[in-house]
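> Go ahead and model the full structure; you've got the sequences and the hints to work with.
Residue numbers (the working numbering), protein chains in the order written: chain A, 87 to 214; chain S, 87 to 214.
Calculated from the structure, these hints are not laboratory results. Using N, Cα and C, we set each Cβ at its ideal position, and we do this for glycine too. Any given hint could be a false lead.
If you anchor each label on the Cβ, the simulated ranges turn out as follows [said to hold, decoys possible]: (1) S:Thr-211 - A:Gly-196: 38 to 48 Å; (2) S:Val-205 - A:Gln-144: 38 to 48 Å; (3) A:Arg-143 - S:Gly-168: 14 to 24 Å; (4) S:Ile-202 - A:Gly-198: 34 to 44 Å; (5) A:Asp-99 - S:Ile-202: 22 to 32 Å.
2 protein chains.
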Amino acid sequence: MDTSAILAEISFDANGLVAAIAQQHDTGEVLMMAWMNAEAVSETLATGQVTYFSRSRQKLWRKGETSGQRQKLVALRIDCDGDTLLLQVHQDGVACHTGHRDCFFREVAGGGLTEIAPVLVDPKTLYG
Amino acid sequence: MDTSAILAEISFDANGLVAAIAQQHDTGEVLMMAWMNAEAVSETLATGQVTYFSRSRQKLWRKGETSGQRQKLVALRIDCDGDTLLLQVHQDGVACHTGHRDCFFREVAGGGLTEIAPVLVDPKTLYG
Chain A
87 MDTSAILAEI SFDANGLVAA IAQQHDTGEV LMMAWMNAEA VSETLATGQV TYFSRSRQKL
147 WRKGETSGQR QKLVALRIDC DGDTLLLQVH QDGVACHTGH RDCFFREVAG GGLTEIAPVL
207 VDPKTLYG
Chain S
87 MDTSAILAEI SFDANGLVAA IAQQHDTGEV LMMAWMNAEA VSETLATGQV TYFSRSRQKL
147 WRKGETSGQR QKLVALRIDC DGDTLLLQVH QDGVACHTGH RDCFFREVAG GGLTEIAPVL
207 VDPKTLYG
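Next up, the structure:
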């Protein structure tokens, strides 16, 4: 796919990154939020496997490459001002490195935070 | 509500901001992504009406104050590393300034972008 027309619609920030929200396409669960550079967007569209850019490691992060918990791209949407992407995906297993299905497993309740979702996979087995 | 315990769990960035995804609580639609500072988080929790921080205007942005398209907070979740919030909300009317229900109305298709959702409200009536 020629991705230049799509990349031209994205407003990458001063670091060359755009925010990307991953949502399970059929259930609507918001799984995680991460960042992409132009190369990550292009690779994701070319392969159908979601690739982010890791800000901590400063390199492409092929989601699930180590853990096996891959994200398959179903659809890619761009917001009104082009600075956020919404990735409709199919998440294999768990999205979060903690072993939770998604990264938003803590909810404000009673003046503090409560865990509202279980650990489904022992994190040790994800990066063993 | 004493929000200090909650604010302590949030990793605000160098500009004092945290990314906030708004999702319609009952349908799962991802409506928009914007930013909050500590004051916006506190005000949102105190009032139950979602308040962001506008990066372009550099001030609190009480969602819907001008347009009437308010977001009522249903639940607030924090991600695993504390740098993204997921706001479960009830969106009155439309979330997007373009008059679309949500900001993600453009989808990659056929090597370009296609509008996948209608304009529901004339934007001129939102900010008239």
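> Confirm or reject each hint.
For each hint, the structure was consulted:
1. S:Thr-211 - A:Gly-196: 38 to 48 Å: Holds, since S:Thr-211 and A:Gly-196 (Cβ atoms, about 40 Å apart) stay within the stated range.
2. S:Val-205 - A:Gln-144: 38 to 48 Å: Because 40 Å falls inside the window, the suggested range holds.
3. A:Arg-143 - S:Gly-168: 14 to 24 Å: Roughly 19 Å apart at Cβ, these two residues keep to the hinted range, so it holds.
4. S:Ile-202 - A:Gly-198: 34 to 44 Å: Holds, at about 39 Å.
5. A:Asp-99 - S:Ile-202: 22 to 32 Å: Because 25 Å falls inside the window, the suggested range holds.
Hint check: no violations occur; every hint is consistent with the structure.
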